[in-house]
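> Given chain A's structure and the hints, the job is docking chain B onto it.
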Amino acid sequence: MTNCPTLIVTVGLPARGKTYISKKLTRYLNWIGVPTKEFNVGQYRRECVKIYKSFEFFSPDNEEGLKIRKQCASAALNDVRQYLTDEGGQVAVFDATNTTRERRDTITRFAEQNGFKVFFVESVCEDPAVINENIVQVKLGSPDYTHCNTDEAVEDFMKRIKCYENSYQTLDEVLDRDLSYIKIIDVGRRYLVNRVQDHIQSRIVYYLMNIHITPRSIYLCRHGESDMNVKGRIGGDSGLSLRGKDFARRLGQFIQKQDISDLKVWTSQMKRTIQTAEGLNVPYEQWKALNEIDAGVCEEMMYEEIQDHHPLEFALRDQDKYRYRYPKGESYEDLVQRLEPVIMELERQENVLVICHQAVMRCLLAYFLDKSAEELPYLKCPLHTVLKLTPVAYGCKVESIFLNVDAVNTHRDRPENVEVSRMAEEALYTVPAHQ
Amino acid sequence: MSHKQTKLTQNPLQKIWVPWMSSKLSRRRGSSVPQFTNSPTMIVMVGLPARGKTYISKKLTRYLNWIGVPTKVFNVGQYRRDAVRTYKNFEFFRPDNEEAMKIRKACARSALSDVGTYFMLEHGQAAVFDATNTTRERREIILSYAKDNGYKVFFIESICDDPEIIAENIKQVKLSSPDYIDCDKEEAVADFLKRIECYKVTYVPLDDDKDSHLSYIKIFNVGSRYLVNRVQDHIQSRIVYYLMNIHVTPRTIYLCRHGESELNLVGRIGGDSGLSPRGSQFAGALGKYIKSQSIPDLKVWTSHMKRTIQTAEALGVAYEQWKALNEIDAGVCEDLTYEEIQANYPEEFALRDQDKYRYRYPKGESYEDLVQRLEPVIMELERQENVLVVCHQAVMRCLLAYFLDKSAEELPYLKCPLHTVLKLTPVAYGCKVESVSLNIEAVNTHRDRPANVEVSREPEEALLTVPDHI
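In order, the protein sequences belong to chains A and B.
Everything in the first sequence is counted per full-length UniProt numbering, starting at 1 for the first residue and increasing by one.
Everything in the second sequence is counted per full-length UniProt numbering, starting at 1 for the first residue and increasing by one.
Don't read these hints as lab results, they were simulated from the structure.
Glycine included, each C-beta is placed from N, C-alpha and C at the ideal position.
Any given hint could be a false lead.
Unchecked claim - Listed next, the stretches of chain B that the computed footprint assigns to chain A, with coverage defined by at least 3 CB atoms under 8 Å from CB atoms of chain A: (1) 9 to 19; (2) 74 to 88; (3) 223 to 229.
Just chain B, same shape as in the assembly:
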């Protein structure tokens, strides 16, 4: 066995130690957690229309992307709408409509082909194949395709017989579909119900005996029961855990930062200071606002840092502290102003502007690290109903990016001003955001990406976008 001198070099951006010699061992990009995927995974939805397949597809995709698994949805209905410009009525979906069958099959194949492109050329790791896939024949086509290409397959079947849930589903997302743009409500509902009947005739659910060799989860009645079969690997285990924690009960999530802190006032980052007088005012105003919202059974969460706890204290309600909600650790730059960072660590400052998401402060964290740390918070937020999270700028950006499906590039620049509450309400396939400013002045702590991010830049160029402070 060779004794090569173990010389390591630390990647300046992410502070990851890698061997000096580029070896085949380090071809994986460094990150906070090991990447557990080798083969790409096809996640295949199964179920009658209006069973929440697209809802699950989009939500799951959002979650996987947020935790760092490049994922994309391939909605076959979309391909169909692109192929058949105008939707007439449910007759298109009749099992004996040969013409339409041909088109639908072609759309599925086209989507599969795009899945292949996504995996092979676009570094995708998971693809969600969102269609009814209600026949064994269709599922065989997909399995064959995956087998030929070395992709893993995981089925998600949604089974629901509750007419109320289906009606609500139709109301929330079908009535506004491009298919029903020129119909009135009753027409649309009647047509859609006939559409569902077309599928019922040929629907063969995943069979516990015949399909016992497949990997899948069956979700019954929006999560009251689950059947999980043959979870193969880490990512499938995470998907199952996530699906078992989400729900569709209406609720609202409130996100805000602590009140303005003493360090905020003087333009310093990090630290563990208390609230400024205006910050205390905000805490009071927040309490009034929360009361006025009359939120049933509101949970309040804070970090372990003084400023969020002081803010929550003013609410007069029970709150829970999460260390995971602590602000990003700025390492050697803790308690410094941007001017001081530029003076003492100009190269670090530039590297951060080059890739703010992956940049790790020396002896500190990166946004990427933050996301890993916040994952249990997101999981619990999914389980909960009405929650107010009192946190910090970088933390709030990460949480917001999860709810609003923002990319790693956008995330570190999301605007999360002090003294502003973001009220998030899940609606249809996404999240409605209301920004509520509580009308108490505060410093601006948002530093935009400057035009010049080169290490060679002048200090003025670096400090151009630093917000004002004392």
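Extracted from the complex, chain A is given alone in its bound form:
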């Protein structure tokens, strides 16, 4: 939907969450299919100045430092130009403090010259608790402070922030009224949105207004083993096998033991996820959007039957599993579109357990773990295994918990030969065992 590429420019003092926002936004945009890349100027600085000594580097009267920092910004902008113009990028996130109007004007001119739209994302926060937590979570572990102890690092970083404070020119309601931007105040308590130009900026604003940093966990799992699973058939709307029911019980016990406050439970509208949720004895919400990928004409078939009746389709799927659409069915790419509102609501929520399906879980997992379209359809999401995702620093910690109830394997790896001309055995080589 985008014609001009877009340059997103972060603005804000250190430890205001700019990199957190940059990375998260980039992850989201890539997941929904908008090629996006972040350019962290601090990274360029670290490559240029191999060893970080102290906050003095950032002192406003350190001419040498200023020169290097300007060069780094230019180098980053150059790479932005290359990404957006030559490498098919659609959005670039320019992650730096960009706290002076002068720096921002330079960027705006650069964008104009190259035909890029500009959208600023400013993060303003004066809450010392938030800033401290920020420093603890991501600064202490920074390459800049590997040789410091915690107190030294915190002290230095605070002085670093001070270096920027005097020259900080926040986006101004009057002076900057012609710019497109969102100002995020106090981690989302308040937002100021100015001159949203187009669809992608509107989606970015919506996304930024729905994310939060309250600690929480997201639990992802599939329904218990189903009767279809046992027979090696895909799709359909069957109920749980005996082992699947056992899993549902164990899942209930697991959830209770985790003692999660205010847990929301979501299922699809298919029998097997609902049966699984019923075993938990807690309220749950059904989402049609969480239904398994529609395999169209291949619904309820075994892979052997698909090979038999639709060998061409079977090969095409192996060639590009992400974009391949089943005849009268869906593709993983379609699934991602359909799941976007689920992701948006997951961002709004706190503790959630999502009981879904193999392809669906792969899509959700790819979002949280920043997996590419190539990797996504091959992510391992075995039955009877709960993935516990906890946001930490700039990413997501994953814990895999197998609930000790055996189940068939439903994971089919990409076979070596994906040519249409291949033999049946070559196609069926990686089909997991079933009844």
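What follows is chain B alone, placed relative to chain A:
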């Protein structure tokens, strides 16, 4: 923990699985998406006259109802007109007019009381309280009322100082108001401007410090800037997103179906067939019509299905394909004639006639599902200006219902004949519709609700309203 045998039953109409035992867990009616509202929400408008409050109220209400959130507008001006039969002049609104103040306060209270009734007795989920609400005192009354009753409150303040916008506003909706029915234009404008002055004296906008604990959005100059404070929940987040995407720039939306298809001709539903010869003719005629309309910067959208794409191809302009615009999935009934559906699935056929909006085809979709699927299309239509959407019968019904504020009951029976373009132009608080038939014959595909919808009915009764086909 009890191990109750998880026996599920599938509700025959909507195909939603629910537990066999009626438990407190399943008191919510099944639908495609979780219902995220617990407490009802009061949406409270704030702003001087002629700032678009009623426009926003009506549009927002239309959108919320369409996506399945029962919403109603309570326009205090309406209550005032019912209380004071004849409007004399702006003096009624003078801040020192005690008599009038009493009446106006009573009207506000009456409207609030009706809000309560709507929530408690009529299953309302959102109420838009449309009035100026320009004083802190008035807003306190509303907040108190909401707090006492456990309602959430979300303020929408519209701030505008552009005299051109205000003048256009007055022209579009005030001149034709019942208040000014016997005035000439200049009189009405002069009086209305004095009315605005009456409010300005006591106007206290939402304050970023004093009101920092409230949830609100401030809209500046028809959307060039927004201030959003303390969004509490899902519905408020959706409201904010919607408000940030709508605009008032004049534009036209054209809706039409693909040209007549091969399957249309033989009375079959769904499928992915190509155009019939007459359908191709229509595509050509559509191209000519579009050219004749000389529409600046027209965007053309189609579904991913052959028949809409073939239609768009004939226009000779760039178009964008949306999978979300695909026709309703008729599941096991895909490619069947109504006669075949009656023969093979008589119960399904009857259930569909009983509640066509919520009925989900086995392994298919319902109109309710369609609306969820189409929501991003509507959101983008709101952002855009001139657009031609080439789609399908059920899809077009859903889109039309959004623009024309049709209920879930009416929606599945809206008439969207082949080879007819509907030209929608936003005007005042609603939408003007022009139906343009491109004069190319086509089969009728509209099946009215038959008189007998009982499962026990005879096949002839079921098939009574099936349109003719080959």
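> Hint by hint, note whether the structure agrees.
Status of each hint after checking the structure:
Counting residues of the region 9 to 19 of chain B whose beta-carbon sits less than 8 Å from any beta-carbon of chain A gives 5, enough to reach three: the coverage restraint holds. Judged by the Cβ-Cβ criterion of 8 Å, the region 74 to 88 of chain B is not covered by chain A as claimed, because only 0 of its residues qualify and three are needed. Under a criterion of three residues with beta carbons nearer than 8 Å to beta carbons of chain A, the stated coverage of the region 223 to 229 of chain B is upheld, 6 such residues being counted.
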